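Turn these sequences into a full structure, and let the hints steer you where they fit.
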Amino acid sequence: MDPEKKPQVSDAGAWGMNVVSSVGIIMANKELMSPGGYGFSFASTLTGFHFSVTALVGWISSATGFSVSKQVPLWELLWFSIVANLSITAMNFSLMLNSVGFYQISKLSIIPVVCMMEWILNNKHYSSRVIMSVTVVAFGVGICTVTDVEVNMKGFLCACVAVFCTSLQQITIGSFQKKYSIGSFELLSKTAPIQAASLLVLGPFLDYCLNGKSILKYHLSTGATLFIFLSCCLAVFCNMSQYLCIGRFSATTFQVLGHMKTVCVLILGWILFDSALTIKNILGMLLAVVGMIVYSWAVESEKQAKISTSSRNEAKMGEEEVKLLKDRSSGASEFDIELGQTKS
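Numbering of the sequence shown is given in UniProt numbering, commencing with residue 1 and proceeding in unit increments.
Keep in mind that the hints were calculated from the coordinates and are not lab data.
Please read these numbers as outputs of a predicted model, since none were measured by experiment.
Hints should not be assumed to be uniformly reliable.
Claimed, not checked - The list that follows gives simulated cross-link-like pairs (lysine-lysine, PhoX-like), each with its CA atoms no further than 25 Å apart:
#1 30 - 217
#2 178 - 124
#3 70 - 217
#4 124 - 154
#5 178 - 303
#6 30 - 213
#7 178 - 70
#8 154 - 213
#9 261 - 30
#10 179 - 303
#11 280 - 30
#12 303 - 124
#13 124 - 179
Have a look at this one:
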């Protein structure tokens, strides 16, 4: 089965799944990991649980014939998994070592880094309208999320590793799907087991370095178990929709429109958790939404322009082929006439 040839989820459905599952997992993890909730402060191990459930779903899908496994070189899957896990780990360390403000800035910097890497690796060029809209989105999200900015050398290095690895991971997802003609879910099913195994082994040690607590000493209550299960279920849809969206669009589009999740989280935090929502936050969110709309319009305009140019080129080539055939036909007729005259 090839989802790209016969998509079972529409583009809007893929984006909707990503936004809903991402916002849902943030809300669930906030309750699970916050001191006022269940205090499960083991982010890396929890991510290992996420990929374990995702790998299980992928295995069941393959075993039941819902998806067809395709060959991808093991060394490619290994280096991709290392990059992806470095992205997760470095993000966690960046959040611990830096202020929330600098952490948000580092996440925003993923957009220009993705653009630059796509230009370098894939020779992709961006119009001035796209660049302008990306800048507006980043500026709007920055206004509504960035507050205090404090940074140190260790935190800065972790942030740089996180930004680079996240950008490379997201670009590679799309590249692998094109290179090996593999569907989004099939690729996820191949990478998830490797990420799960490595994070389950290394996760507890990384978490101990982050917060000085051992997961073996954590008292697992019924409520915490239910929220871990909910988080893992949402993670399956979150991972699936991420691979699906990047495969159909691009890493840049995923990053830009993905900030809709930031807007939703801020609004839901205000509704559910009594978080402060100031005029500055509202103006920043509105600016970000306007930037996303302009970005969507700019990308769609470029797509239509390419289709139009391609159609004109095909029409021109068709006219030239017809003209060439006529010339050949005319030449052949004259040759036959000459032969006939000679014979007579």
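Given hint residue 213 paired with residue 30 - CA-CA distance at most 25 Å: 18 Å, holds
Holds or violated: residue 124 to residue 154, with C-alpha atoms at most 25 Å apart: At roughly 33 Å apart (the allowed maximum being 25 Å), residue 154 and residue 124 break the hint.
25 Å limit on alpha-carbon distance, applied to hinted pair residue 124 and residue 179: Between residue 124 and residue 179 the Cα gap is close to 16 Å, so the pair holds against 25 Å.
For a C-alpha distance cap of 25 Å, please report whether residue 70 and residue 217 respect it. Since the Cα atoms of residue 70 and residue 217 sit roughly 41 Å apart, the hinted pair is violated (cutoff 25 Å).
Need the status of pair residue 179, residue 303: alpha-carbon distance at most 25 Å? Holds - the C-alpha atoms of residue 303 and residue 179 are around 22 Å apart, at most 25 Å.
Taking 25 Å as the top limit, are the C-alpha atoms of residue 30 and residue 217 close enough? With Cα atoms ~21 Å apart, residue 30 and residue 217 stay inside 25 Å; holds.
Checking one constraint from the list: CA of residue 178 to CA of residue 303, max 25 Å. Satisfied? 19 Å, holds
Do the alpha carbons of residue 303 and residue 124 lie within 25 Å of each other, as the hint requires? 14 Å, holds
Taking only the CA atoms, is the gap from residue 261 to residue 30 under or equal to 25 Å? Answer holds: residue 261 to residue 30 is near 15 Å, not above 25 Å.
Please verify whether residue 178 and residue 70 have alpha carbons no more than 25 Å apart. 13 Å, holds
Are the Cα atoms of residue 280 and residue 30 separated by 25 Å or less? Distance ~23 Å between residue 280 and residue 30 Cα, so the pair holds.
Holds or violated: residue 154 and residue 213, Cα atoms, limit 25 Å. 21 Å, holds
In this structure, the earlier hints numbered 3 and 4 are contradicted, and the remaining ones agree with it.
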